[in-house]
Amino acid sequence: MRKVHPEFAYQSRELEGQIEGILGDPPNRKNYQMMQSALASEYASGGGIEDVNMMSFALVDHITFSNPKGLLAEAAEYEGGDPAAVFAMASCEGEAGKMYQAMTENHPELARQAIIAAFLFKHPRKWDDDDQSLEQLSRNDDGDDEQDEDGVTDDFAGMFDSEDNQ
1 MRKVHPEFAY QSRELEGQIE GILGDPPNRK NYQMMQSALA SEYASGGGIE
51 DVNMMSFALV DHITFSNPKG LLAEAAEYEG GDPAAVFAMA SCEGEAGKMY
101 QAMTENHPEL ARQAIIAAFL FKHPRKWDDD DQSLEQLSRN DDGDDEQDED
151 GVTDDFAGMF DSEDNQ
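Here UniProt numbering is used: position 8 in the sequence shown is 8, and no number is missing along the way.
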């Protein structure tokens, strides 16, 4: 298991939620296909919404990955990274190839992020998500610390509380 940048983990979860939302309950594949087609057409023409989640949604059913380890390494850094290296680790065939090429040429940074987000969504067992839930963050936190970072104890700070002075 490899840790990924928290923003990539978030984008992967967002993609999952978006797909489930478009499919609906019960799943409506026709709506899903219409959304996929509309996004692919927009991006293939050089336009489309400049959004990581929308790009990854357009790619997710068409993209293949040739270097999973390389993509996991790239997922450690959200901003920056090497777009060309990521583009070389993935591809789309047929009509989707036009969309992929237009995305990578017109929006290289966003396309890099979208490709990695789609990869993480399709391969959730290859990476580990840091648990950022309030429950996890509060674990082993039993309330106010006895001494603040500034060296001020709770007793001293409490002298200034209006309830304690009355």
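If you're looking for bench data, these hints aren't it; they were derived computationally from the structure. Note that the Cβ used here is the ideal one computed from N, Cα and C, for glycine as well. The reader is advised that the hints may include incorrect statements.
[What the hints assert, rightly or not] So the derived label-pair ranges between C-beta atoms look like this:
id, residue 1, residue 2, range
1, Thr64, Ser37, 18 to 28 angstroms
2, Gly80, His123, 17 to 27 angstroms
3, Arg2, Glu42, 26 to 36 angstroms
[To be verified] Listed next, the in silico SDA-like pairs over lysine to any residue satisfying Cα-Cα at most 20 angstroms (straight line):
id, residue 1, residue 2
4, Lys122, Leu72
5, Lys122, Glu7
6, Lys98, His123
7, Lys69, Glu20
8, Lys98, Glu20
9, Lys122, Ile22
10, Lys126, Lys98
11, Lys3, Glu93
12, Lys3, His123
13, Lys122, Gln36
14, Lys3, Gln18
15, Lys126, His5
16, Lys122, Gln18
17, Lys3, Ala96
18, Lys122, Met54
19, Lys122, Phe87
20, Lys126, Ser45
21, Lys3, Lys98
22, Lys30, Arg125
23, Lys98, Ile22
24, Lys122, Ser45
25, Lys69, Ala44
26, Lys122, Glu20
27, Lys98, Gln18
28, Lys69, Ile22
29, Lys69, Lys126
30, Lys126, Ala44
31, Lys126, Ala73
32, Lys122, Ala73
33, Lys69, Arg125
Hint by hint, here is what the structure shows:
A beta carbon spacing of about 19 angstroms between Thr64 and Ser37 agrees with the range 18 to 28 angstroms that was offered as a hint. Range check, Gly80 to His123: Cβ separation about 22 angstroms, and the 17 to 27 angstroms hint holds. In this structure the supplied range 26 to 36 angstroms holds for Arg2 paired with Glu42, their Cβ-Cβ distance being about 33 angstroms. At roughly 12 angstroms between alpha-carbon atoms, Lys122 and Leu72 fall within 20 angstroms of each other, so this suggested pair holds.
A distance of roughly 16 angstroms separates the Cα atoms of Lys122 and Glu7; the hinted pair therefore holds under the 20 angstroms criterion. Taken as a hint, the Lys98 and His123 pair is broken in the structure, with Cα atoms around 24 angstroms apart against an allowance of 20 angstroms. Pair hint Lys69 plus Glu20 does not hold up; C-alpha atoms about 27 angstroms apart against a cutoff of 20 angstroms. Between Lys98 and Glu20 the alpha-carbon distance is near 26 angstroms, which puts this suggested pair outside the 20 angstroms criterion.
Among the hinted pairs, Lys122 with Ile22 is consistent with the structure: their alpha-carbon atoms are about 17 angstroms apart, no more than 20 angstroms. Annotation: proposed proximity of Lys126 to Lys98 is violated, straight-line Cα distance about 28 angstroms (limit 20 angstroms). Among the hinted pairs, Lys3 with Glu93 is inconsistent with the structure: their alpha-carbon atoms are about 30 angstroms apart, more than 20 angstroms. A distance of roughly 13 angstroms separates the Cα atoms of Lys3 and His123; the hinted pair therefore holds under the 20 angstroms criterion.
At roughly 16 angstroms between alpha-carbon atoms, Lys122 and Gln36 fall within 20 angstroms of each other, so this suggested pair holds. Simply put, Lys3 and Gln18 have alpha-carbon atoms about 23 angstroms apart, too far for the 20 angstroms limit, and the pair is violated. About 14 angstroms separates the Cα atoms of Lys126 and His5, which keeps this hinted pair within 20 angstroms; it holds. Proximity of Lys122 to Gln18 is assessed by CA-CA distance (about 14 angstroms); at most 20 angstroms being required, the pair is judged to hold.
At most 20 angstroms may separate the alpha-carbon atoms for a hinted pair to count; Lys3 and Ala96 exceed this at roughly 30 angstroms. For a cut-off of 20 angstroms, the pair hint linking Lys122 to Met54 stands: about 15 angstroms separates their Cα positions. A distance of roughly 17 angstroms separates the Cα atoms of Lys122 and Phe87; the hinted pair therefore holds under the 20 angstroms criterion. Distance hint between Lys126 and Ser45 is unfulfilled; the C-alpha atoms sit about 33 angstroms from each other, more than 20 angstroms.
For the hint pairing Lys3 with Lys98, the CA-to-CA distance comes to about 32 angstroms; that exceeds 20 angstroms, so the pair is violated. Taking the CA atoms of Lys30 and Arg125, the gap is about 29 angstroms. The hint is violated against a cut of 20 angstroms. A hinted pair counts as satisfied when its Cα atoms are at most 20 angstroms apart, and Lys98 with Ile22 does not qualify at roughly 24 angstroms. Taking the CA atoms of Lys122 and Ser45, the gap is about 26 angstroms. The hint is violated against a cut of 20 angstroms.
Using a Cα cut-off of 20 angstroms, the hinted pair Lys69 and Ala44 is violated, with the two alpha carbons roughly 28 angstroms apart. With a C-alpha separation of about 14 angstroms, the suggested pairing of Lys122 with Glu20 holds against the 20 angstroms cut-off. For the suggested pair Lys98 and Gln18, the alpha carbons sit about 23 angstroms apart, so the restraint of at most 20 angstroms is broken. Between Lys69 and Ile22 the alpha-carbon distance is near 30 angstroms, which puts this suggested pair outside the 20 angstroms criterion.
Between Lys69 and Lys126, the direct Cα distance comes to roughly 9 angstroms. Compliance with the 20 angstroms bound is thereby established for this hinted pair. Our distance criterion of 20 angstroms between C-alpha atoms is broken by Lys126 and Ala44, whose separation comes to about 30 angstroms. This hinted pair checks out: Lys126 and Ala73 have alpha carbons roughly 11 angstroms apart, not beyond 20 angstroms. Pair hint Lys122 plus Ala73 holds up; C-alpha atoms about 16 angstroms apart against a cutoff of 20 angstroms.
The suggested pairing of Lys69 with Arg125 holds, with an alpha-carbon distance near 13 angstroms, which does not exceed 20 angstroms.
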